[in-house]
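Assemble chain B onto chain A, guided by the hints.
Just so you know, the protein sequences line up as chains A and B, in that order.
If you're matching positions, the first sequence starts at 1 in the numbering used here and goes up one per residue.
If you're matching positions, the second sequence starts at 1001 in the numbering used here and goes up one per residue.
This list has only true hints and no planted wrong ones.
Pulled a few chain B residues facing chain A out of the computed Cβ check, cut under 7 Å:
#, residue
1, GLY1003
2, VAL1022
3, ILE1025
4, LEU1029
5, SER1035
6, LYS1111
7, LEU1198
8, ASP1209
Because the hints were derived from the structure by calculation, they are not lab data.
Predicted model only: the values in this text are computed from it and were never measured.
For each residue, glycine too, the CB sits at the ideal point set by N, CA and C.
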Amino acid sequence: MNKELEHSFVELLEKHQNIAHKICRLYTNNYDAHNDLFQEITVQLWKAYPKFRGDSKFSTWMYRVALNTAITLYRKSKRTIQTQDFEGVEFKIKAQDYDDTEEQQLKVLYQAVHQLNDIEKALVFLYLEDKNYKEISETLGISEVNARVKMNRIKTKLKTILNP
Amino acid sequence: MDGLELLKKDWNKQPEHKKLTVGEIYPMLHKKSSSIVKTLFYISVAELVFWILINTVPYFTSDSFRERLDTVYADDGTFTVLTVFGYAVILLFIFLLFKSYKSISVTDSAKQLMESILRTRKIVKYYVLYNLIVAGGSLLFGFYFAFTHNPELADQVAHFSREQTIMATAVVVISTVVFILIIWLFYRLIYGLLLKRLNRNYKELKKLDV
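So that you can see chain A by itself, here it is in the shape it has in the complex:
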């Protein structure tokens, strides 16, 4: 592969790397596993990049490849399984927004999302990234109606967790 292609790819990935980091955060629970998955996503993106025509935005294309890597291709290595867990899920609240109840609720919510299965996590991730149901259904390969139904179920599930 030529240097120019490599250069353009690295620049795009550097710019959009947060998409992959968010996916890694959702699907792994420790630092090593996060880096391991990020590495695999990078390799998969790079391998697929020559076929990226630019018909869609790089970020849109990246969502699909990165999610596919996380839920289908990624093989957890032994090295990453037995390391320490993150202490809960961290999140940042600006001082002016600080709300003890809301903070607590968010903590519970992040933990609840971590407990969901791989497919539910993918749905939640795309939803949180503001993707519409058409995009969600195309990324996962299910019908739009079913994506909506499943999303509503997840919402209810999360609501129950918050207000038992």
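Chain B only, in chain A's frame:
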């Protein structure tokens, strides 16, 4: 506020992971992939090679085996036909596997991607199944051939009582079945472990579309 809406509000405020620089990303491109497709590919190549070796090594390493086989081939055209058929099957599997691997695309939808991988795995499964059937058949045929064409054995078998004949047949059949079962379980274990997560996620996606 709805739980998910609350989460959405906070989602982009998450602390960013240490941002990688261009210089840090470059070396990552050339690291080896450890995806299940790659592992599946290595396993299928190993299987192809393994069964080809099983079928050819005795011919090249044992003079007596080669002599005996050459005599059989010279006497009976059926063996030549069977051998040609065997190699044709191997070529067909190589072609199907290659085609199937080419169809795996990480840019497909998650469901499509999983289906392509499972289809590839199915081809490998049929290849193994084919080889096990051939191996089982050959073993049984080999035993039969030895009992009927080896003068010493044939003589012993001729003096077998009814019970002894039943016993000998049972031992031959059971040992063949056990041999095949062990190999089959070994494959199930390898693929079971490798594709456990993929199968679970595929089932989940299919359940959504029912």
